[in-house]
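2 protein chains.
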Amino acid sequence: MVKKDIILSIDAMGGDGAPKTVIDGVAEAKSRYPHVKYLIFGDKKKISPIIATHEGLLAYCEIIHSEDEVGYEETLSRAVRRGKKTSIWMGSEAVKNGDTQGFVSAGNTGVFMAMSKLNLRTLPNIERPALCSLFPNQNGETVMLDLGANSHCNVRNLVEFSIMGMCFSKIISGINKPLVGLLNVGSEEMKGTEKIKEASSILKNSDLDINFYGFVEGDDIALGTVDVVVTDGFTGNVSLKTAEGTAKLYTSFLKSAFESSLLSRLGYLFIKPSLNKVITKTDPRKYNGALFIGLNGIVVKSHGGTDAFGFANAIGVAVDLVDRNLNKSIAEELDRLYENSDKHIFTNGIQ
Amino acid sequence: MVKKDIILSIDAMGGDGAPKTVIDGVAEAKSRYPHVKYLIFGDKKKISPIIATHEGLLAYCEIIHSEDEVGYEETLSRAVRRGKKTSIWMGSEAVKNGDTQGFVSAGNTGVFMAMSKLNLRTLPNIERPALCSLFPNQNGETVMLDLGANSHCNVRNLVEFSIMGMCFSKIISGINKPLVGLLNVGSEEMKGTEKIKEASSILKNSDLDINFYGFVEGDDIALGTVDVVVTDGFTGNVSLKTAEGTAKLYTSFLKSAFESSLLSRLGYLFIKPSLNKVITKTDPRKYNGALFIGLNGIVVKSHGGTDAFGFANAIGVAVDLVDRNLNKSIAEELDRLYENSDKHIFTNGIQ
Chain A
1 MVKKDIILSI
11 DAMGGDGAPK
21 TVIDGVAEAK
31 SRYPHVKYLI
41 FGDKKKISPI
51 IATHEGLLAY
61 CEIIHSEDEV
71 GYEETLSRAV
81 RRGKKTSIWM
91 GSEAVKNGDT
101 QGFVSAGNTG
111 VFMAMSKLNL
121 RTLPNIERPA
131 LCSLFPNQNG
141 ETVMLDLGAN
151 SHCNVRNLVE
161 FSIMGMCFSK
171 IISGINKPLV
181 GLLNVGSEEM
191 KGTEKIKEAS
201 SILKNSDLDI
211 NFYGFVEGDD
221 IALGTVDVVV
231 TDGFTGNVSL
241 KTAEGTAKLY
251 TSFLKSAFES
261 SLLSRLGYLF
271 IKPSLNKVIT
281 KTDPRKYNGA
291 LFIGLNGIVV
301 KSHGGTDAFG
311 FANAIGVAVD
321 LVDRNLNKSI
331 AEELDRLYEN
341 SDKHIFTNGI
351 Q
Chain B
1 MVKKDIILSI
11 DAMGGDGAPK
21 TVIDGVAEAK
31 SRYPHVKYLI
41 FGDKKKISPI
51 IATHEGLLAY
61 CEIIHSEDEV
71 GYEETLSRAV
81 RRGKKTSIWM
91 GSEAVKNGDT
101 QGFVSAGNTG
111 VFMAMSKLNL
121 RTLPNIERPA
131 LCSLFPNQNG
141 ETVMLDLGAN
151 SHCNVRNLVE
161 FSIMGMCFSK
171 IISGINKPLV
181 GLLNVGSEEM
191 KGTEKIKEAS
201 SILKNSDLDI
211 NFYGFVEGDD
221 IALGTVDVVV
231 TDGFTGNVSL
241 KTAEGTAKLY
251 TSFLKSAFES
261 SLLSRLGYLF
271 IKPSLNKVIT
281 KTDPRKYNGA
291 LFIGLNGIVV
301 KSHGGTDAFG
311 FANAIGVAVD
321 LVDRNLNKSI
331 AEELDRLYEN
341 SDKHIFTNGI
351 Q
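Line order of the protein sequences matches chains A and B.
Number 196 in the numbering used here belongs to position 196 of the first sequence; there are no gaps in the numbering.
Number 206 in the numbering used here belongs to position 206 of the second sequence; there are no gaps in the numbering.
Since the hints were derived computationally from the structure, they do not count as laboratory data.
Watch out, some of these pointers could steer you wrong.
As the list claims (entries may be wrong) - Below 27 Å or equal to it, Euclidean Cα-Cα: the simulated DSS-like pairs (lysine-lysine) are:
(1) A/K277 <-> B/K277
(2) B/K255 <-> A/K191
(3) B/K277 <-> A/K248
(4) B/K272 <-> A/K272
(5) B/K286 <-> A/K248
(6) B/K248 <-> A/K286
(7) A/K255 <-> B/K255
(8) B/K281 <-> A/K191
(9) A/K248 <-> B/K84
(10) A/K117 <-> B/K195
(11) B/K84 <-> A/K286
(12) A/K117 <-> B/K191
(13) B/K248 <-> A/K248
(14) A/K191 <-> A/K37
(15) B/K191 <-> A/K85
(16) A/K46 <-> A/K85
(17) A/K191 <-> B/K84
(18) A/K44 <-> A/K20
(19) B/K84 <-> A/K277
(20) B/K84 <-> A/K281
(21) A/K272 <-> B/K281
(22) B/K255 <-> A/K272
Use the sequences and the hints to build the structure in full.
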């Protein structure tokens, strides 16, 4: 596929190692995606010298100076009040104005989401955006959403998340007819809340072009039972962080096992190469880059604690989705939902 | 401590390997807890020959014949209709009548819970029971509830779960002032649903004798940030199963790493003894036995797929809690909540 040139907004001031980690990440991304240029938002005095350390990078970047920064601890209201001179506001405004096609930031999640939503608004027919990302599973990757954008979700949100997640999976994982499941406490139809039961019934009975599996449980995420796991932002966030915590616990148990005797230290030397493959496979940096799906523009949140390699991966998510025009594909599926389907798909109206 | 003799109800017919696994588990438990005797509920013709294979076991057991079994796939209404001749009904009835002090079953969770609740009712001042169990963490074990008894919980439930979880932790983990946290999507006070915010405020501001930490996130479960993690049954169940799925995924990645080359197979031989310690530490059978906390009687659910060792551990949970009189300790804490505290602890009344 011949790729059209694209420009991305980059927030240079967000994340633990900003702006150095961010600029180093852009440099790494530059060699991977030669058709991408960057508007870098942030403190010009701090950014320029770092760009200068990467040969040839300046030709791919334009620095747009922003005066203020959004702190990690900042409340939403305070940030939005001071907002319009921050790198996050200016970066998403550039997407809105069509200067860039997407935006990557490792900054404060709540502020990033709120400002992006204020500037970009949701796609037509989408009530709320969701935070969407990938988990490793037995066979590859599971798309999961919402990972924390909305603590409360209604039936309509869950149905829309299912459609958006399916489009994301098609594009990112290249699966033709992704299998979609709703996260529940059991796979039987009688289980769970009224909300999920109604969402399931809509996904099952409408003439939507969706490959709906039904209910899945927490362990199905890592099993890869379905390609897309849909849930509300509260459950999704707890589930994501439980998985991270469990993986860390396991790693620390292993580490102490390897260090517990001379014999096991020796054995570790032998298995190290194979073990490194496992570590690479489950490297959280590989999965860095969660999309605020459902906005008019590609807005990707990088983990605040990632390094340059991880930040480049978050840029990669944005590039892929812009290249493949995710939002057009979502809009088409939504048209199908609201026009070709029976009009009264949500029995309680917009609830 | 001199232990008073106790008698437990055992459902011989629940679980994948029933009745053999159950009876083998009772035999294992017999050697661990010589002060415990058992009423075994189930098909006498099947059970008797298995008991006979364990020398001396018969002296500790009385078989109460039950005609019907509850299938794993059975709906609640059907089971309750046919109910009174099943081992689950009869086992919990024995607790109600004072013939036994606790009940262990590996049968259908929903039916077990419903019948136990019908027979035993909740403790005074407890609106709903919760499913409560232990997770391994970096420093020991985390108590977690609700793991799936109630998909919806109100403020009152969450506060009551906190008190019950604290009592469970004191007794099972021997911690004097267990630290209690509410599971949320962030640790800041402004985050999460209104329900958890209100529960948090009650736990913080009442004169309850509770060591309340505030909000915790999904990764805090494995980190062991607090001794007791409280959440609704939907989130708790998804979180538990996500952790199980992640651990299995990690194990399968490791297994394929160890098998991937001659060198790593050799290395595996060296690290095997240390690795076995990790496997023992995280052995799900060790954590088998979840309590339906909040009922008038100790009711413990064993995993349906466990073996005799695992079933004996579930019996161990019941024995510990009967020996140490968990329900008395819960009742005392609740008295403190409703009598010594300001009377209007729940601002919205019983919601």
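Going through the hints against the structure:
no., hint, verdict
1, A/K277 <-> B/K277, "holds, 23 Å"
2, B/K255 <-> A/K191, "violated, 34 Å"
3, B/K277 <-> A/K248, "holds, 17 Å"
4, B/K272 <-> A/K272, "holds, 14 Å"
5, B/K286 <-> A/K248, "holds, 20 Å"
6, B/K248 <-> A/K286, "holds, 20 Å"
7, A/K255 <-> B/K255, "holds, 16 Å"
8, B/K281 <-> A/K191, "violated, 33 Å"
9, A/K248 <-> B/K84, "violated, 47 Å"
10, A/K117 <-> B/K195, "holds, 26 Å"
11, B/K84 <-> A/K286, "violated, 55 Å"
12, A/K117 <-> B/K191, "holds, 18 Å"
13, B/K248 <-> A/K248, "holds, 14 Å"
14, A/K191 <-> A/K37, "violated, 49 Å"
15, B/K191 <-> A/K85, "holds, 26 Å"
16, A/K46 <-> A/K85, "holds, 16 Å"
17, A/K191 <-> B/K84, "holds, 24 Å"
18, A/K44 <-> A/K20, "holds, 12 Å"
19, B/K84 <-> A/K277, "violated, 56 Å"
20, B/K84 <-> A/K281, "violated, 52 Å"
21, A/K272 <-> B/K281, "holds, 23 Å"
22, B/K255 <-> A/K272, "holds, 13 Å"
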